[in-house]
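**Student:** What follows is each chain in one-letter form.
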Amino acid sequence: MYAQEVKSTGKGVKSLDEMEPLERAFQEKVNADIKIEPKDWMPDGYRKTLIRQISQHAHSEIVGQLPEGAWITRAPTLERKAILIAKVQDEAGHGLYLYCAAETLGVSRDQMTEQLLSGKAKYSSIFNYPTLTWADIGAIGWLVDGAAIMNQVPLQRCSFGPYSRAMIRVCKEESFHQRQGYDIMMKLCAGTPAQKEIAQDALDRWWQPSLMMFGPSDAESVHSAQSMAWKIKQDTNDELRQKFVDQTVPQANYLGLSVPDPDLKWNNEKGGYDFGEIDWEEFFEVVSGNGPCNADRMAARRKAWSDGAWFRDGLMAHAHKKQARNVAAE
Amino acid sequence: MSNEWPLWEVFIRGQHGMAHRHVGSLHAPDAELAINHARDVYTRRNEGVSIWVAKAGDITASAPSAKGPLFEPSNSKVYRHPTFFDIPDDVGRM
Ligand SMILES: [Fe+2]
Ligand SMILES: [Fe+2]
Ligand SMILES: [Fe+2]
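Protein chains in written order, with my numbering: chain A, 1 to 330; chain B, 1001 to 1094.
Isolated chain A, as found in the complex (with noise of 0.2 Å):
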């Protein structure tokens, strides 16, 4: 999801009696819900796992920002501009907790900036799809960050205590990025015939891609096994995924827009809806850096970097000149 590319070591799950005494303990916790903490004993995996779980968590949030802060000057009032100010703003909060986290595991925030920035980490493959128009700001809100309010509900119960607090407070904050992004559709849904043109042409454009932030059917992956024996993944990838489309059809329905899937339709004996199959072709190509903005955000954030290098350092030097100054003066 915000962490797609999540493989955590491969070798199947070992069983009780497979382990060593110090694993034994630490699965005999997990099972039993306590939660692990930075300075107790945890497999090497666990800990690789969870670093690249958690930083891909936070380059997501913060890669997240460039799609919707570029229509921050573009809002149309005052009042939308300073939600989304405010959303934005948000976003870059969920990045701190979770880099904060991170952190905790023994990587050094310069590390993970350092692998975003180089390629190497990944982030969510939706933020490498345009915002076109005002209404994809409505969509990005009610999709995007309602298939984030989907998983990440769940990690608040992860074995790992600093991604557990810090999703805990990020499932405080994502509440209104949904509504509001949902209030952009309402209104534009009641608005003239071009307006409601352009909310269900971003509809059509978010739909798949917010689809395929659950990642790929994890039907026949070791990894995802490991990660759920591990509590640091709760549900399935498609289990998810199904919550979201059965939550989402009928809000696309009270909005009188059509979902673009031709496939899709109510299966009675399942009590969800069937769904067409996902072009996962195209989601590889975003993942592996193909996306219509991948090189636009990757840019964007060299950018930032290496343009606020400068004011990093001011800042550090004038903090130890001070600090000079304050022991010179004892």
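Derived by calculation from the structure, the hints in this document are not laboratory data.
A portion of the hints provided could be inaccurate.
To be verified - Straight line, CA to CA, 30 Å or less: simulated DSS-like cross-link-like pairs of lysine-lysine:
| no. | chain 1 | residue 1 | chain 2 | residue 2 |
| --- | --- | --- | --- | --- |
| 1 | B | Lys1067 | A | Lys35 |
| 2 | B | Lys1077 | A | Lys48 |
| 3 | A | Lys231 | B | Lys1077 |
| 4 | A | Lys270 | B | Lys1067 |
| 5 | A | Lys35 | B | Lys1077 |
| 6 | A | Lys231 | A | Lys29 |
| 7 | A | Lys35 | B | Lys1055 |
| 8 | A | Lys265 | A | Lys196 |
| 9 | B | Lys1055 | A | Lys321 |
| 10 | B | Lys1067 | A | Lys39 |
| 11 | A | Lys321 | B | Lys1077 |
| 12 | A | Lys270 | B | Lys1055 |
| 13 | B | Lys1077 | A | Lys14 |
| 14 | B | Lys1055 | A | Lys172 |
| 15 | B | Lys1077 | A | Lys39 |
| 16 | A | Lys29 | B | Lys1077 |
Source: prediction; values computed, not measured.
Position chain B with the ligands against the provided structure of chain A, taking the given hints into account.
**Tutor:** Here is chain B with the ligands on its own, set in the frame of chain A:
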């Protein structure tokens, strides 16, 4: 990428009369900016009336392995809890 800002732990008093509570951490060049950043990162929705920051490196934490020696001794001292003592109902409220 060497000149990384140090890490600060952030504590916030949520309401008057409550204790400061650890809410998370952040990077800042000095204490003054750490407070400013903490305001932006941790109190965007009126979560606080006061902020403390402390350099993460200045905090000493107990080791997880010291859990036994530190905390087990109090397990056996059940008489520290009022419920240890049976007081007859006839005595009235106590
Ligand atoms: Fe977020
Ligand atoms: Fe988000
Ligand atoms: Fe959000």
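**Student:** Each of the hints needs a verdict: does it hold here or not?
**Tutor:** For each hint, the structure was consulted:
Of the supplied pair hints, the one linking Lys1067/B and Lys35/A holds, its CA atoms being roughly 15 Å apart against a limit of 30 Å. Between Lys1077/B and Lys48/A the alpha-carbon distance is near 41 Å, which puts this suggested pair outside the 30 Å criterion. At most 30 Å may separate the alpha-carbon atoms for a hinted pair to count; Lys231/A and Lys1077/B exceed this at roughly 35 Å. Between the alpha carbons of Lys270/A and Lys1067/B the distance comes to roughly 49 Å, so the proposed pair goes past 30 Å and is violated.
Simply put, Lys35/A and Lys1077/B have alpha-carbon atoms about 26 Å apart, close enough for the 30 Å limit, and the pair holds. This hinted pair checks out: Lys231/A and Lys29/A have alpha carbons roughly 11 Å apart, not beyond 30 Å. Using a Cα cut-off of 30 Å, the hinted pair Lys35/A and Lys1055/B holds, with the two alpha carbons roughly 25 Å apart. At most 30 Å may separate the alpha-carbon atoms for a hinted pair to count; Lys265/A and Lys196/A meet this at roughly 24 Å.
A hinted pair counts as satisfied when its Cα atoms are at most 30 Å apart, and Lys1055/B with Lys321/A qualifies at roughly 18 Å. Note on Lys1067/B and Lys39/A: the hinted pairing holds, with a Cα-Cα distance of about 12 Å set against a maximum of 30 Å. Between Lys321/A and Lys1077/B, the direct Cα distance comes to roughly 52 Å. Violation of the 30 Å bound is thereby established for this hinted pair. The suggested pairing of Lys270/A with Lys1055/B is violated, with an alpha-carbon distance near 54 Å, which exceeds 30 Å.
In summary, the hint linking Lys1077/B to Lys14/A is not supported, as the alpha carbons are separated by about 40 Å, beyond the 30 Å threshold. As the CA atoms of Lys1055/B and Lys172/A are separated by approximately 27 Å, the hinted pair is consistent with the 30 Å bound. Only pairs whose Cα atoms come within 30 Å are accepted, and Lys1077/B paired with Lys39/A is accepted, the gap being roughly 28 Å. Of the supplied pair hints, the one linking Lys29/A and Lys1077/B holds, its CA atoms being roughly 26 Å apart against a limit of 30 Å.
When the structure is compared with the earlier hints, violations turn up for hints 2, 3, 4, 11, 12, 13 and for no others.
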